[in-house]
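Chains as they are written, first to last, in full-length UniProt numbering: chain B, 1 to 459; chain E, 1 to 459.
It is worth saying that the hints were derived from the structure and are not from the lab.
A quick note: this is a predicted structure, and the numbers were derived from the prediction, not measured.
A few of these clues could be false.
A pair holds if it fits inside one copy or across any two, identical chains being indistinguishable in the list.
Claimed, not checked - Here are the simulated SDA-like cross-link-like pairs (lysine to any residue), alpha carbons at most 20 angstroms apart as the crow flies: (1) 276 / 179; (2) 276 / 356; (3) 276 / 254; (4) 151 / 393; (5) 221 / 252; (6) 182 / 62; (7) 15 / 218; (8) 221 / 92; (9) 54 / 202; (10) 54 / 27; (11) 276 / 342; (12) 221 / 271; (13) 276 / 252; (14) 276 / 341; (15) 15 / 433; (16) 221 / 254; (17) 276 / 340; (18) 151 / 163; (19) 221 / 344.
Protein chains: 2
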Amino acid sequence: MTTKDMGGAEFEMVKVNRDRLMESLHETCEYGKGERSEPTETGMCRLALSDSDKQARDWFVQTTQELGCQTTVDSMGNIFAVRPGRISRDAPATFAGSHLDTQPTGGRYDGILGIHAGVEMLRVLQDLDIETEYPVGVVNWTNEEGARFPKSMMSSGVWAGEISEADAHNLQEVGGGAATVKSELQRIGYLGSVPASYQTMPMAAHFELHIEQGPILEAEKKKIGVVTGVQAYRWFTLDIRGRDAHTGTTPFVARADALLLAARMIVHAQHLAATKGALASTGILTALPGSTNTVPGHVRLSLDIRAPLDATVDELEEALRQDFVALSRGEATAFVDAPPDVGRPLILSWQTDTVSPATRFHADCIAAVSNAALSVLATSDASLYESPSSLIREITSGAGHDSVYASRHCPTSMIFVPCRDGVSHNPTEYCSPEDCALGAEVLCQAVLRYDQLRARAAA
Amino acid sequence: MTTKDMGGAEFEMVKVNRDRLMESLHETCEYGKGERSEPTETGMCRLALSDSDKQARDWFVQTTQELGCQTTVDSMGNIFAVRPGRISRDAPATFAGSHLDTQPTGGRYDGILGIHAGVEMLRVLQDLDIETEYPVGVVNWTNEEGARFPKSMMSSGVWAGEISEADAHNLQEVGGGAATVKSELQRIGYLGSVPASYQTMPMAAHFELHIEQGPILEAEKKKIGVVTGVQAYRWFTLDIRGRDAHTGTTPFVARADALLLAARMIVHAQHLAATKGALASTGILTALPGSTNTVPGHVRLSLDIRAPLDATVDELEEALRQDFVALSRGEATAFVDAPPDVGRPLILSWQTDTVSPATRFHADCIAAVSNAALSVLATSDASLYESPSSLIREITSGAGHDSVYASRHCPTSMIFVPCRDGVSHNPTEYCSPEDCALGAEVLCQAVLRYDQLRARAAA
Numbered sequence: 001m002t003t004k005d006m007g008g009a010e011f012e013m014v015k016v017n018r019d020r021l022m023e024s025l026h027e028t029c030e031y032g033k034g035e036r037s038e039p040t041e042t043g044m045c046r047l048a049l050s051d052s053d054k055q056a057r058d059w060f061v062q063t064t065q066e067l068g069c070q071t072t073v074d075s076m077g078n079i080f081a082v083r084p085g086r087i088s089r090d091a092p093a094t095f096a097g098s099h100l101d102t103q104p105t106g107g108r109y110d111g112i113l114g115i116h117a118g119v120e121m122l123r124v125l126q127d128l129d130i131e132t133e134y135p136v137g138v139v140n141w142t143n144e145e146g147a148r149f150p151k152s153m154m155s156s157g158v159w160a161g162e163i164s165e166a167d168a169h170n171l172q173e174v175g176g177g178a179a180t181v182k183s184e185l186q187r188i189g190y191l192g193s194v195p196a197s198y199q200t201m202p203m204a205a206h207f208e209l210h211i212e213q214g215p216i217l218e219a220e221k222k223k224i225g226v227v228t229g230v231q232a233y234r235w236f237t238l239d240i241r242g243r244d245a246h247t248g249t250t251p252f253v254a255r256a257d258a259l260l261l262a263a264r265m266i267v268h269a270q271h272l273a274a275t276k277g278a279l280a281s282t283g284i285l286t287a288l289p290g291s292t293n294t295v296p297g298h299v300r301l302s303l304d305i306r307a308p309l310d311a312t313v314d315e316l317e318e319a320l321r322q323d324f325v326a327l328s329r330g331e332a333t334a335f336v337d338a339p340p341d342v343g344r345p346l347i348l349s350w351q352t353d354t355v356s357p358a359t360r361f362h363a364d365c366i367a368a369v370s371n372a373a374l375s376v377l378a379t380s381d382a383s384l385y386e387s388p389s390s391l392i393r394e395i396t397s398g399a400g401h402d403s404v405y406a407s408r409h410c411p412t413s414m415i416f417v418p419c420r421d422g423v424s425h426n427p428t429e430y431c432s433p434e435d436c437a438l439g440a441e442v443l444c445q446a447v448l449r450y451d452q453l454r455a456r457a458a459a
Numbered sequence: 001m002t003t004k005d006m007g008g009a010e011f012e013m014v015k016v017n018r019d020r021l022m023e024s025l026h027e028t029c030e031y032g033k034g035e036r037s038e039p040t041e042t043g044m045c046r047l048a049l050s051d052s053d054k055q056a057r058d059w060f061v062q063t064t065q066e067l068g069c070q071t072t073v074d075s076m077g078n079i080f081a082v083r084p085g086r087i088s089r090d091a092p093a094t095f096a097g098s099h100l101d102t103q104p105t106g107g108r109y110d111g112i113l114g115i116h117a118g119v120e121m122l123r124v125l126q127d128l129d130i131e132t133e134y135p136v137g138v139v140n141w142t143n144e145e146g147a148r149f150p151k152s153m154m155s156s157g158v159w160a161g162e163i164s165e166a167d168a169h170n171l172q173e174v175g176g177g178a179a180t181v182k183s184e185l186q187r188i189g190y191l192g193s194v195p196a197s198y199q200t201m202p203m204a205a206h207f208e209l210h211i212e213q214g215p216i217l218e219a220e221k222k223k224i225g226v227v228t229g230v231q232a233y234r235w236f237t238l239d240i241r242g243r244d245a246h247t248g249t250t251p252f253v254a255r256a257d258a259l260l261l262a263a264r265m266i267v268h269a270q271h272l273a274a275t276k277g278a279l280a281s282t283g284i285l286t287a288l289p290g291s292t293n294t295v296p297g298h299v300r301l302s303l304d305i306r307a308p309l310d311a312t313v314d315e316l317e318e319a320l321r322q323d324f325v326a327l328s329r330g331e332a333t334a335f336v337d338a339p340p341d342v343g344r345p346l347i348l349s350w351q352t353d354t355v356s357p358a359t360r361f362h363a364d365c366i367a368a369v370s371n372a373a374l375s376v377l378a379t380s381d382a383s384l385y386e387s388p389s390s391l392i393r394e395i396t397s398g399a400g401h402d403s404v405y406a407s408r409h410c411p412t413s414m415i416f417v418p419c420r421d422g423v424s425h426n427p428t429e430y431c432s433p434e435d436c437a438l439g440a441e442v443l444c445q446a447v448l449r450y451d452q453l454r455a456r457a458a459a
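Use the sequences and the hints to build the structure in full.
Here you go:
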């Protein structure tokens, strides 16, 4: 049977094997088993290019080869496993991709689920003896997390030509160790000779199944998020200079309290962002000199702003730049009163650390995911009491993923499944076997639909 | 001449030698010379019981002995230099006191000026051949700063019976060194055999000249602050538990942002304190886990509240305890709006670190300082254009001083002189030679006036 034979309802035949999927996932999670959260739940510590990452990679290569794939390792250690198609053995493949590395106190689903769903797709194709029109494949991207080597989505970034191979190779591990990306790629045997590039390894499309890492699907009782894009974000470091002063002897009017200004800025930024449907967050704050009876004269804080549209982020940044100046002069804003005793002015400076524009995924891939989700849910237990369409929503990804870089050079979309309490990057991260399997099935059907689309377009 | 011969205007004869005072101060500031702020200004790093503190102590003992004093070192290294009186050689002395130790990046006036003014008083008495009715003396208290051994006003506290000698002796130096107060007292030869106690070394009165360490006198163009007491203060550590969450994927409504709550608490506390004529300050804040794209789930912060009256501090603490609970539930207060999207509730806990009640100094000592100040200013250049009374104000000390513990067991008051920009605990700390000399003269005359008062009371 080829995908050509499978019109309309026949796609519903393509079911994944939930137990096999979960067994495969949990078995390989022995490689890099991390912190234990519950008696039956163990988180992951599978840092990029570590010994446990090598074990997981070896499993991936061996398993995909046994399933009839040819594997290519590029100069960043990205592994492309490709299963030949009927019309063409050599045309670019339609890929399912994600990553096998984790945070140091990560979970078993972030990235890992996407790879295992891809492997399950290969198994289903083999079980059903399906021959796709064009090649399909699974790609494991190196160091998506940026936890051990501090650049996230590193190797899809090199593939996309947005991060230089040399910069990536020379990245040193955090914590003061001497290992670099290149030395570790060599050490574990995953420094491939093919340059990591969309030119040498073009992809026809990239689909990625991922846990949402947020609470929206769970809160709205949705089963599948059809990811239409990734929101824009910008990271800044703000530096506030006031003056150290004795807390007992310095009246408010004589203070230049850098921490008070930071507090007013944090409150204002979140209010303003909320009114624009955006997010603003401060994750890092250091107050110096750090003594109970000294008013801090120096504060540094991070500011992370995000919104689905670049224009919204532009507007928010511009407004915050103006409003923070007013706050630093002791003035009120729409959301924060002036202090009763306005102190001395403070000096505020901005440093832009990261500008990540909004990503809009490809309409064809979004449609493939959306149609696959309707089809999968229509035949699932989940639709016994709810219509399939009510179990699906379009969603903008709040976090970055390898799909962002993939989308720069091929049609791309993602599939989100709910995770418990929206928690991720944590040993308690959890996605139910039912939801993992639903997501894997949508991934599989989306890839098959896209393969058909390609064939129809070529016809 | 005895002080008995010096009624009324004759006190005006008692002038200090400004140049001698400043030379003596700057010469001994070679012991523990610290960070350079300006070409002609060098701050101090004379940590308690260090080698440089020993040099300053040796100078103090030798100088006061040469001026006819008997010196006693107690079990805390406090040095009492006593000059005999006419009526009695053995009655408790009227003391001028302060401290020779400094902060690690301190200045040349905090504490040091008070000791040098006391020594200048002894020199003036010798110059003019004045015999006081009762003994007068100068006391150098050990480790007022609490910088090296982390308990401020340590040895006046032991003298007052409010800190145990054993606790003080066993205090270890900060920064992980093995030295204790006792081992360092022994090493530098200042572990005296007389127990540190108001019972074995009673004082008839304690006067202390000190820089204000705040901006009030300078701002109001006052020359002398007559210190009527020390404000009450309380220190707390507040712990906020929320939940770490991804900044990109977690809507405001799903967050338990510990840093946002801390920011709202800081803004609220300062507003509320200001309405009550009190102070509230946060000097320490740590936000964990400390990553740009993670909403902090755990924040610890210090809270320092102060007011001249204990009742005000009581009231402020009680109000803050209630209001912080409201804030932690996402509610508004009189000074802080509710966030537009109220997140999940957070858990706030309070730990009380220090409770220091308000101190009211003795009316007799306050009167002695006030009258001395009027007399000194009437004959000073400062009163050419201003009346003496317009150059003086009563003031409550915002910071703690050895005089707080002294006042528990003898009549006490303090004299404040302005310091530039209110800056202290900093190499740029500065008090002009004119103001140093005015303060020293007030100290000297206040001690003589008190001596006369004692004689009149005994007559």
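Against which earlier hints does the structure fall short, listed by number upward? Failing hints, ascending: 1, 4, 6, 7, 8, 9, 12.
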